[in-house]
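Residue numbers (this note's numbering): 3 to 449.
Calculated directly from the structure, the hints in this document are not laboratory data. It cannot be assumed that every hint is accurate.
Cβ-Cβ distance ranges computed for the label pairs, FRET-style [to be verified]:
#, residue 1, residue 2, range
1, 354, 392, 37 to 45 Å
2, 44, 232, 31 to 39 Å
3, 80, 21, 15 to 23 Å
4, 276, 80, 27 to 35 Å
Taking lysine-lysine and the DSBU-like style, the derived pairs with C-alpha atoms no more than 35 Å apart in a straight line are [claimed, not checked]:
#, residue 1, residue 2
5, 138, 43
6, 186, 283
7, 138, 186
8, 138, 331
9, 331, 275
10, 138, 283
11, 331, 283
Computed from a prediction, not measured in an experiment: that's the story for all the values here. Virtual Cβ for every residue (Gly too), placed ideally from N, Cα, C.
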Amino acid sequence: MPIHERLEQVYSEVLARNPGEDEFHQAVREVLESISPAVGKHPQYADAKIVSRICEPERQIIFRVPWEDDNGEIHINRGFRMEFNSALGPYKGGLRFHPSVYLGIVKFLGFEQIFKNALTGLPIGGGKGGSDFDPKGRSDREIMRFCQSFMTELHRHIGEYTDVPAGDIGVGGREIGYLFGQFKRITNRYESGVLTGKSLIHGGAQVRTEATGYGTAYFANEMLAARGDSLAGKTVVVSGSGNVAVYAIEKVHQLGGRVVACSDSAGYVLDPKGIDVGLLKEIKEVRRARLSTYVDAASHAEYVDGRQVWEVPCEVAMPSATQNEITGKEARLLVDNGCTVVAEGANMPTTPEGVRIFQDGGVAFGPGKAANAGGVATSALEMQQNASRDSWSFEYSEDRLEEIMRGIHSRCLRTAEEYGMPGDYVAGANIAAYTRVADAMLALGLI
């Protein structure tokens with residue numbers, strides 16, 4: 003897609019000011035290409051340098067995280083918090099604990115979060131954070147000590163009206179609990195709205211655990227509905243086997259589809275009868291074991307080592323693992339095998355080449371900032387409950403989630419139609435989100 007002349011200049015500035023941050027460059031380029039029609043139609047966005055301001059984080063926080071393992075050895079990790087844009091509300095976005103985390107990853111995630119959060123229609127800005135700490139193979143006590151050290155620095159920068167972190171890869175309910183405990187200890191405040199993704203026993207919300215996966219399935223169902231179809235009877239493949247994948251699979255099954263394969267970093271499980279969600283939860287959430295152990299309890303299933311799940315024929319694909327897992331090669335394979343809908347459960351799991359192949363092949367492609375926004379939307383609902391000292395039922399919370407995902411889908415389709423790109427969810431999502439943030443920034447003055 004041709005890019006507006008002024009946006010090309012902005013992109014050159016981003017490359018110069020952020021060398022070596024490939025994921026951030028990719029995320030920015032995709033947004034700038036999409037919003038070119040909006041900038042051309044509304045010159046005030048370019049004249050006020052809104053785009054340049056959105057591409058520059060309001061605050062970048064990097065800190066040292068020293069901690070001691072069970073053998074008495076001291077380790078030093080690096081912690082990050084990217085407070086990217088607060089025009090719509092307090093910074094909101096997860097914390098990722100994974101060896102791949104570096105400044106470029108956190109910046110790309112924070113940038114994406116601005117637009118994802120704007121699409122929900124809720125009053126939340128965009129941020130992201132994490133560490134290059136690897137929780138795999140660490141004891142509960144080691145993880146607790148790391149989280150306490152991490153929060154000892156992070157607590158200075160967060161608050162329910164300032165910045166509200168949540169979980170992401172490597173950060174689940176256990177880690178959020180340790181982080182919140184240390185925040186409470188240091189600040190002497192039970193400020194439950196400062197973190198989301200908490201367990202129900204200390205201020206968490208119903209459906210938050212399920213929200214990202216459920217939301218992705220709801221979005222996929224809406225994409226099919228726009229084509230006069232539904233998930234009922236569809237063969238589905240989901241990458242990953244973590245929180246997002248588990249609950250995407252669960253909701254697909256509830257909506258009548260059948261997920262026949264899911265994956266981990268070593269390979270994938272193929273279960274023609276449909277992935278057993280109860281068994282998957284036991285393996286990943288209780289035993290924290292490798293996905294390959296699935297076949298020990300399901301002899302009819304097969305674990306395919308060293309191969310990618312995208313070789314399994316399907317009608318609907320939900321990439322829910324990590325960024326850039328679907329390249330042009332995998333996208334072409336999915337199209338050739340009859341895939342008609344892709345809904346991203348992860349953040350930017352498809353490369354630009356892959357996106358082009360899907361769109362050229364007539365595949366309805368739902369980008370992560372729209373399709374996986376259910377997690378942060380439910381986090382915002384958790385913030386509402388914390389602020390009002392309230393607690394909602396599972397059914398009411400899930401109804402709110404489904405309503406929000408339908409709203410996001412409608413917003414994307416309507417905006418794409420308005421700007422002459424019917425059915426283009428990427429353009430619709432980016433323009434709808436960008437214009438909402440840009441209008442707020444214009445209203446607030448030079449910030």
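Numbered hints the structure breaks, given as an ascending list: 4, 5
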